[in-house]
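A.B. asks: As a plain string of letters, each chain reads:
Protein chains: 2
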Amino acid sequence: MEHDITEILGMIKFTENGLVPAIAQDFQSGEVLMMAWMNAEAIEKTLTSGQVHYWSRSRNAIWRKGETSGHTQTMKEFLIDCDGDTILVIIEQVGPACHTGEHSCFFTKIL
Amino acid sequence: MEHDITEILGMIKFTENGLVPAIAQDFQSGEVLMMAWMNAEAIEKTLTSGQVHYWSRSRNAIWRKGETSGHTQTMKEFLIDCDGDTILVIIEQVGPACHTGEHSCFFTKIL
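Chains as they are written, first to last, in the numbering used here: chain D, 46 to 156; chain Y, 46 to 156.
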């Protein structure tokens, strides 16, 4: 790892609730699969385990993607944006990313 | 347009500040270029003009992407996610998307 965890967390601008949005993109197709939230612990667990973790705002708990469904996300790359307030994780998705069973959460086309 | 504006806005779950995150993805390369925020007015202006508009949280104002830089975003598709709390706009980007001059805002690779 190029940076240690403390340094990485220092580069990230969290909301007042200690969260940061994370976009998951398929490493092969480039498809944007979902957006969810991470807190510091989810970031640390993602970077150290290589398995993508999020913070569930509804359950108020750390959540390893796929822990119940089996639809895991293996991290390929972890990037932050220019002002450090958004994460982009490039991932390998097992099964559908969406809880509805759709491959991507963005299946509703408005225009 | 398949849906009218009132119907579309009713499908979107805004934060308590009346905002929703919007991911901009390049229609050709599939690259994720940036994430910014939209309010109801930005969504309406985006859908009716075809030019992507955001809400600037720092300036507290509607912002047509490229209005000063010329680095406009023309909307190709407008999608929402399964729970309606994130937007994905597929766009044609003129020039760099990032205010730093980088093509994408996600140029900082952590891992």
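Just so you know, these hints were derived from the structure itself, not from any lab.
Hints are not guaranteed to be accurate.
[Stated by the list, open to error] Per label pair, the in silico range of CB-to-CB distance:
(1) Y:Ser94 <-> D:Thr117: 38 to 48 Å
(2) Y:His48 <-> D:Glu52: 41 to 51 Å
(3) D:His48 <-> Y:Thr51: 45 to 55 Å
(4) D:Asp128 <-> Y:Lys58: 21 to 31 Å
(5) D:Glu52 <-> Y:Gly140: 27 to 37 Å
(6) D:Gly129 <-> Y:Gly140: 15 to 25 Å
(7) D:Thr153 <-> Y:Thr60: 47 to 57 Å
(8) D:Asp128 <-> Y:Gly115: 20 to 30 Å
(9) D:Glu137 <-> Y:Thr153: 32 to 42 Å
(10) Y:Asn105 <-> D:Phe59: 20 to 30 Å
(11) D:Phe152 <-> Y:Gly63: 22 to 32 Å
In this text, all values refer to a predicted model and were calculated from it rather than measured experimentally.
Note that CB positions come from ideal geometry on N, CA and C, so glycine has one too.
A.B. asks: For the range 27 to 37 Å, tell me whether the beta carbons of Glu52 of chain D and Gly140 of chain Y fit it or not.
C.D. replies: Holds - the Cβ-Cβ distance for Glu52 of chain D and Gly140 of chain Y, about 32 Å, lies within 27 to 37 Å.
A.B. asks: Holds or violated: the 22 to 32 Å window for the beta-carbon distance between Phe152 of chain D and Gly63 of chain Y?
C.D. replies: Holds, at about 25 Å.
A.B. asks: Measuring from beta carbon to beta carbon, are Asn105 of chain Y and Phe59 of chain D in 20 to 30 Å?
C.D. replies: holds, 21 Å
A.B. asks: Hint says 20 to 30 Å; check whether the CB-CB distance for Asp128 of chain D and Gly115 of chain Y agrees.
C.D. replies: Once the Cβ atoms are compared, 21 Å apart, the range 20 to 30 Å for Gly115 of chain Y and Asp128 of chain D holds.
A.B. asks: Can you let me know if the beta-carbon spacing of Asp128 of chain D and Lys58 of chain Y is within 21 to 31 Å?
C.D. replies: holds, 24 Å
A.B. asks: Return holds or violated for the Cβ distance of Glu137 of chain D and Thr153 of chain Y against the range 32 to 42 Å.
C.D. replies: For Thr153 of chain Y against Glu137 of chain D, whose Cβ atoms are near 21 Å apart, the range 32 to 42 Å is violated.
A.B. asks: Taking the beta carbons of Thr153 of chain D and Thr60 of chain Y, is their distance inside 47 to 57 Å?
C.D. replies: violated, 19 Å
A.B. asks: Taking 15 to 25 Å as the hint, is the beta-carbon distance of Gly129 of chain D and Gly140 of chain Y inside that range?
C.D. replies: For Gly140 of chain Y against Gly129 of chain D, whose Cβ atoms are near 23 Å apart, the range 15 to 25 Å holds.
A.B. asks: Taking 41 to 51 Å as the hint, is the beta-carbon distance of His48 of chain Y and Glu52 of chain D inside that range?
C.D. replies: holds, 45 Å
A.B. asks: For the range 38 to 48 Å, tell me whether the beta carbons of Ser94 of chain Y and Thr117 of chain D fit it or not.
C.D. replies: holds, 41 Å
A.B. asks: Verify the CB-CB distance for His48 of chain D and Thr51 of chain Y against the hinted window 45 to 55 Å.
C.D. replies: holds, 47 Å
When the structure is compared with the earlier hints, violations turn up for hints 7, 9 and for no others.
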